[in-house]
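A.B. asks: Here the structure of chain A is known, so what remains is to put chain B in place on it, guided by the hints.
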Amino acid sequence: MRITILNGNPNKDNQGFNEYVEKLSEALTSQSHSVRTLQLKDMDIRYCIGCFGCFDKTPGECSTAADDSREVRREYINSDLVLFASPIIMGYTSALLKKPIERNLGLLLPYGAIIQEETHHPARYDKYPQLGLLLEKNSDSDDEDVEIISDMYMRDAINFHATLCFTKLTSEPIEEVINEINCI
Amino acid sequence: MKLTVFNGSPRGKGGNTKLYLDHFLRGFEASEGNTYELAYLNHVKNQDKFLQMFREAENVIIAFPLYCDAMPAMVKTFIESLKPLCGQKDNPSIGFIVQGAFPEAHQYRYVERYLKKLASRLGCNYIGTIVKGQGHGANEMPKSFNKPFTMFYKLGQIFGKTGEFDTELLRKVAGPEKLSKLMLAIFRFLYKTKIGTKYWDDRLKANGAYKKRFDKPYTREV
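From first to last, the protein sequence lines stand for chains A and B.
Counting from 1, one number per residue, gives the positions in the first sequence under our numbering.
Counting from 1001, one number per residue, gives the positions in the second sequence under our numbering.
Hints were generated in silico from the structure; no laboratory data involved.
Glycine included, C-beta positions come from ideal geometry on N, C-alpha and C.
One should not assume that every hint holds.
Output of the computed footprint for chain A on chain B, the stretches with three or more beta carbons under 8 Å from beta carbons of chain A [as the list claims (entries may be wrong)]:
#1 1006 to 1014
#2 1076 to 1083
#3 1098 to 1105
#4 1112 to 1124
Chain B is nowhere near these chain A residues, computed Cβ spacing over 10 Å in every case [stated by the list, open to error]:
#5 Q15
#6 F17
#7 S25
#8 A27
#9 T37
#10 M43
#11 D44
#12 E102
#13 E180
Only chain A is shown next, with the shape it has when bound in the complex:
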C-alpha cells in the first residue's frame, strides 16, 4: 500500500514523537508498504486565506501560494492511506497539521453533492486515500479530547470522500498501528 504520513509535530524538543513515527515508517516499509513521511515542520506551507482560487481561478491548484503544500497535495491524492500524525495541543491536532489540510480544498470540486444525506463537495479525482489518525496524549489531554478530535477527523473524511479507518495513540505499541493499517 502507498502510505503518506503527515508529521504535524511542531516541537523540536518532542523527539519521542518523531522517533515513533520513524519506527512506524520503517516497520511498514519492511512489510513492503511504500511509505513517505512529510515533516511539515521543515516545509514552507502558508495559511489558507479563503480566496477559493483553487475552485474558480486555477481549478484544482492553489492560485495564491506556490509553496510546499503542492507536495502535500501530490502525495495525498496519490496515496492509498494518509496518516495524520500530531501531538495533542490544546485539545486538538497542531495548527501545523491543519494548514495543509485546508490547502487541500482544491482536491474537491466547487459544486455541491449529497453524500451520506448531507451537503458536501463532489470529487475532483477518481480516487481518494483512506485516512488514519495518530495522536500523542499528554498531561493536558484525556480520552474525551481523543474522542472529540477523532470525531472531527471523521467529519473531515466524509468531506474528502474517505473513511477515518482508525485513531491510535503513540502510547500504544507500533504493531497495533500496523495491524490497523493492514486491516484496511
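C.D. replies: Positioned in the frame of chain A, the structure of chain B alone reads:
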C-alpha cells in the same frame, strides 16, 4: 460591559464572518456603556498583541468560518498561544460564533463540542457557541440575509444586557440540524442542473477558467 472580539476569518474584513459579527456587535452596543475592541486573527504576525488582549479581557468572542470541519489553522495558532493561560483564575468569559456555507447545523456541532471543552480547559466561563450555516452568498447578496442578520443583532443585544446567548435564538439562527427528505431531494436535483452549478460556473467563466473546471493537476503520470 467590555467585550474583546477576535475575528478568525482567513478572509478578514472581506469574509462572511465579519457580516454576522457586525450585526451582533451593533446589537451589543445598543446597551449604554457597552464597548468592544476587535482584532483580526489573519494578521498572523500580531500573536503577542492577541495574547495580551485576551489576558486583559473580561468577555471574549471568537468568530470564525468552518474550515475542513474545524477552526481555521489561523485560529488554532491563536488557541495554541493561549496555553500559558490554562487554569488561571481571572480568565475571561468566552463565547464563539461559527459560520459556514454548508446548510445543516449538524456539520458545526463537532467543532462546537471542541470549543466547549476549550473553555473548560482554559478555565473560562463558557457563554456558548452561535452556529450559523448556509452563509453562501452573504457577501454578494446581503439583502437576502436580512433575517439571520436581524437574529445576530438580537443575539448581540441580549448578550449585551445579560452576558448570555439566548437559547431560543441560538436554535432559530442555527436552522435545521439535518436536511429534511424533501430538501435532500431538491438539493440532489438542483446540484445536477445548471441552477445548482451557476454560482461557481459564473465565477469560473469570469476568470476564464471554465474549461479547466474538471482539471486534475495532481494526477500522477503513469
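A.B. asks: Each hint should be assessed against the structure and marked as holding or not.
C.D. replies: Comparing the hints with the structure gives:
Against chain A, the region 1006 to 1014 of chain B contributes 3 residues with a C-beta closer than 8 Å to a partner C-beta. That satisfies the three-residue criterion, and the hint holds. As drawn, the region 1076 to 1083 of chain B meets chain A at 6 residues by the rule of a beta-carbon pair under 8 Å; at three or more, the given contact holds. With 3 residues carrying a beta carbon less than 8 Å from a beta carbon of chain A, the region 1098 to 1105 of chain B meets the three-residue requirement, and the given coverage holds. Restraint check on the region 1112 to 1124 of chain B versus chain A: 5 residues with Cβ-Cβ distances below 8 Å, three needed, restraint holds.
At the 10 Å boundary, the C-beta of Q15 (chain A) stays outside the reach of chain B, the nearest C-beta of that chain being 20 Å off. Every beta carbon of chain B lies more than 10 Å from that of F17 (chain A), the smallest distance being close to 16 Å; the non-interface claim holds. Distance to chain B confirms S25 (chain A) as a non-interface residue, since its nearest Cβ pair spans about 21 Å, more than 10 Å. Against the 10 Å criterion, A27 (chain A) stays outside the reach of chain B, whose nearest CB is about 26 Å from its own CB.
T37 (chain A), annotated as away from the interface, keeps every beta carbon of chain B farther than 10 Å; the closest lies near 19 Å. Separation of M43 (chain A) from chain B is adequate, the least Cβ-Cβ distance of about 14 Å exceeding the 10 Å criterion. No Cβ of chain B comes within 10 Å of the Cβ of D44 (chain A); the nearest lies about 14 Å off, and the non-interface call holds. Not every Cβ of chain B is farther than 10 Å from the Cβ of E102 (chain A); the closest lies at roughly 5 Å, contradicting the non-interface assignment.
Against the 10 Å criterion, E180 (chain A) stays outside the reach of chain B, whose nearest CB is about 22 Å from its own CB.
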